[in-house]
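Q: Sequence:
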Amino acid sequence: MDSSDMQPMEDFPEDAPLRAQVEKLLHTGLRTEVEPRAYDPEMQQSVLARLQNVPAEEVAKRVGIAGFTLHPYAAEGIEEACETCMYFLSHRQFCALPELQLPVKPDWSCRLWRI
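At position 16 of the sequence shown the residue is numbered 16 (our numbering), and the sequence of numbers has no breaks.
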């Protein structure tokens, strides 16, 4: 691993505790709504509306509704990982979707993934 791989964590140390909290929730068996995926506009709006009603501090509930996984989701030959999502800020390892705004890891995934 070279120093550029570590740059995001060093630039945004305030993200580390929340990223670790999310990772721990997922590792310890938090049940998330991985499916159905939010591919169509109606499902997207449904998931986003639910997320808008959950306070930012209710991390487990937000992660559950978003359907996070610790690994990419594979569908129809496409691997859906945070690092390939349009909302992923690679320099920060962060999901910039307004309804989520969470530090993530590149190989995680959620059902709101977008190209």
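FYI, nobody ran anything at the bench for these hints, they're computed from the structure. This structure is a prediction, so every number in the text was calculated from the model and none was measured. Incorrect hints may appear among the rest.
Stated by the list, open to error - Below are the PhoX-like pairs computed for lysine-lysine, each with C-alpha atoms no more than 25 Å apart in a straight line:
no.: 1; residue 1: K61; residue 2: K24
no.: 2; residue 1: K105; residue 2: K24
no.: 3; residue 1: K61; residue 2: K105
As the list claims (entries may be wrong) - Computed spacing ranges between beta-carbons, pair by pair:
no.: 4; residue 1: E58; residue 2: V34; range: 28 to 36 Å
no.: 5; residue 1: P13; residue 2: M43; range: 16 to 24 Å
no.: 6; residue 1: D11; residue 2: T84; range: 16 to 24 Å
no.: 7; residue 1: P13; residue 2: E76; range: 19 to 27 Å
no.: 8; residue 1: E42; residue 2: A75; range: 27 to 35 Å
no.: 9; residue 1: A20; residue 2: S90; range: 17 to 25 Å
no.: 10; residue 1: R92; residue 2: L70; range: 14 to 22 Å
no.: 11; residue 1: P13; residue 2: P36; range: 16 to 24 Å
Note that beta-carbon positions come from the ideal geometry of N, C-alpha and C, so glycine has one too.
Q: Confirm or reject each hint.
A: Taking the hints in turn, this is what the structure says about them:
Proximity of K61 to K24 is assessed by CA-CA distance (about 14 Å); at most 25 Å being required, the pair is judged to hold. As the CA atoms of K105 and K24 are separated by approximately 13 Å, the hinted pair is consistent with the 25 Å bound. A threshold of 25 Å between alpha carbons decides the hint, and for K61 with K105 the separation of about 18 Å falls inside it, so the pair holds. Separated by about 19 Å at the C-beta atoms, E58 and V34 break the suggested range of 28 to 36 Å.
For the hinted restraint 16 to 24 Å between P13 and M43, the CB-CB distance of approximately 35 Å leaves it violated. The supplied range of 16 to 24 Å is met by D11 and T84, whose beta-carbon atoms lie about 21 Å from each other. The hinted range of 19 to 27 Å is not satisfied by P13 and E76, whose Cβ atoms lie roughly 38 Å apart. The hinted window of 27 to 35 Å between E42 and A75 is violated, with their beta carbons roughly 18 Å apart.
Between A20 and S90 the CB atoms are about 19 Å apart, so this pair conforms to the stated range of 17 to 25 Å. Separated by about 19 Å at the C-beta atoms, R92 and L70 satisfy the suggested range of 14 to 22 Å. The beta-carbon spacing between P13 and P36, approximately 36 Å, falls outside the hinted interval of 16 to 24 Å.
Violated hints, listed in ascending order, are 4, 5, 7, 8 and 11; each of the other numbered hints is respected by the structure.
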